[in-house]
Every structure is written in structure tokens, then in C-alpha cells.
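Trainee: Make a model of the complete structure from these sequences and hints.
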Amino acid sequence: AQSVTQLGSHVSVSEGALVLLRCNYSSSVPPYLFWYVQYPNQGLQLLLKYTSAATLVKGINGFEAEFKKSETSFHLTKPSAHMSDAAEYFCAVSPTGGGNKLTFGTGTQLKVEL
Amino acid sequence: DGGITQSPKYLFRKEGQNVTLSCEQNLNHDAMYWYRQDPGQGLRLIYYSQIVNDFQKGDIAEGYSVSREKKESFPLTVTSAQKNPTAFYLCASSIERGGYNEQFFGPGTRLTVL
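Protein chains in written order, with the numbering used here: chain E, 1 to 114; chain R, 115 to 228.
Check before you lean on any hint, since a few could be wrong.
Output of the computed footprint for chain R on chain E, the stretches with three or more beta carbons under 8 Å from beta carbons of chain R [stated by the list, open to error]:
#1 15-25
#2 45-59
#3 100-112
The calculated lysine-lysine pairs, modelled on DSS-like cross-linking and capped at a C-alpha distance of 25 Å, are [what the hints assert, rightly or not]:
#4 R:171 x E:101
#5 E:58 x E:69
#6 R:171 x R:184
#7 E:69 x E:101
#8 E:101 x R:185
#9 E:49 x E:101
#10 R:197 x R:171
#11 R:128 x E:101
#12 E:69 x E:49
No wet-lab data here; the hints were simulated from the structure. In this text, all values refer to a predicted model and were calculated from it rather than measured experimentally. Glycine residues also receive a C-beta, built at the ideal position from the N, C-alpha and C atoms.
Mentor: Printed below as a string of C-alpha cells:
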């Protein structure tokens with residue numbers, strides 16, 4: 001079964017600092033990978049996705065992620081944090097062989113401090 | 115505007131009562147999903163439906179039931195058999211994009227059992 005692990009349930013950064021949220025996947029073949037963002041008491045919004053094209057994926061709000069097969073990782077980064085980035089972030093995986101199901105990580109709460 | 119609506123936003127229920135959460139989409143998506151979100155556990159799949167009049171159990175279906183009589187509607191009933199129903203419930207729908215499914219989420223319903 002495929003799974004993702006998000007290291008760090010809480011991450012705190014200063015405004016203007018680099019954001020790095022970690023996600024490692026477990027899969028026998030490279031899967032499809034997704035990052036979602038959730039603001040308090042709201043649904044999830046897709047930030048970006050890896051679908052086996054370019055390994056460096058750019059998303060909305062200045063976020064990007066790099067797929068690294070050798071490290072089985074798909075870490076989310078943003079060069080300069082903004083107060084509005086404070087939210088919970090979820091990494092998710094789905095199989096490339098078809099199927100609709102997503103498996104989510106446990107989430108990382110990002111706090112941005114002045 | 116196309117999207118997914120969930121109602122109500124907040125729902126309170128007494129122990130032993132069944133309650134139905136509404137999910138409607140006007141995106142013309144074939145597949146729909148119900149997730150449960152608890153703090154620190156990410157999203158867990160309850161039920162999903164790939165087509166009208168068909169649905170499958172997810173990872174935590176016990177104590178829940180669904181129906182899919184119309185393409186745009188996928189209501190979830192939380193029955194009295196669900197031992198710990200207090201949670202945030204998210205509905206999603208998906209569209210296939212060249213081999214993978216991109217999921218779109220509703221705003222969620224927060225259920226509290228009194």
C-alpha cells in the first residue's frame with residue numbers, strides 16, 4: 001500500500017524566511033504526489049502536483065516542490081514566508097496505475113512569526 | 115461559479131441520533147468522496163463513489179452510510195453505530211486528467227456530538 005510521511009507536525013518560521021515542509025512517500029513505483037493547503041475551518045485547496053512530467057513543480061502562492069526518486073521525497077518549499085502562509089499543509093499520494101483514491105499524510109501546521 | 119457545497123457548516127447532535135450531511139457539486143464530476151478529519155490524523159476516507167448508484171467503502175466506513183442517486187449529490191449519514199462521530203467532515207469530487215484524478219474539496223461540516 002502507498003503512504004506518505006510528513007516529518008514535523010508543527011513548523012515555525014519567521015516572516016521572510018525559507019519555508020521547508022517535508023514529505024516522503026512509500027511506493028514500489030513513482031506515484032502521483034500532491035500538496036494541499038487548508039486554512040482554519042475550510043476545505044483543502046490544491047497547491048501543486050507531480051504527475052511524472054517535470055520533477056520541479058511550481059504551484060500557487062509561490063510554492064514549489066521537487067520530486068526526488070532517489071530520496072523518495074517531495075518536499076514543499078517557498079523562498080520567503082508571508083503571514084498569509086500560516087495554515088495546515090497536507091501531502092498526498094495516489095497510484096499511477098489508475099484509481100481515484102488519495103492517501104494523505106498527517107499534516108504539518110505552519111506558523112509564521114513576525 | 116462551479117464548486118462543491120456542504121451543509122450545514124456546523125452540526126450538533128445528541129448521542130444515539132442519526133444525522134445526514136449534505137454534499138452537492140455542479141462540476142459535472144463522476145467521482146465523489148467523503149473524508150473524516152481529526153487533529154493530528156490527516157484525512158481518512160470513509161466512502162467513495164465513482165459513478166451514480168455505485169459506491170465503495172473506504173478505510174473507516176463502519177458507522178456511516180451513503181447514497182448516490184444523482185451525479186451531483188452524495189449525502190453521508192452518520193449513524194448511532196459510529197462510536198466517536200465528533201469530527202470535521204470533508205466532501206470532495208474528482209476529474210480525471212490524463213491518468214490521474216484531481217480532487218476538489220468542499221468547505222466541510224463540523225459535527226459535534228453532545
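Trainee: Against this structure, judge whether each hint is valid.
Mentor: Consistency of the hints with the structure:
no., hint, result
1, 15-25, "violated (count 0)"
2, 45-59, "holds (count 4)"
3, 100-112, "holds (count 7)"
4, R:171 x E:101, "11 Å, holds"
5, E:58 x E:69, "18 Å, holds"
6, R:171 x R:184, "18 Å, holds"
7, E:69 x E:101, "21 Å, holds"
8, E:101 x R:185, "18 Å, holds"
9, E:49 x E:101, "15 Å, holds"
10, R:197 x R:171, "18 Å, holds"
11, R:128 x E:101, "32 Å, violated"
12, E:69 x E:49, "15 Å, holds"
Checked against the numbered hints above, the structure violates hints 1, 11; every other hint is satisfied.
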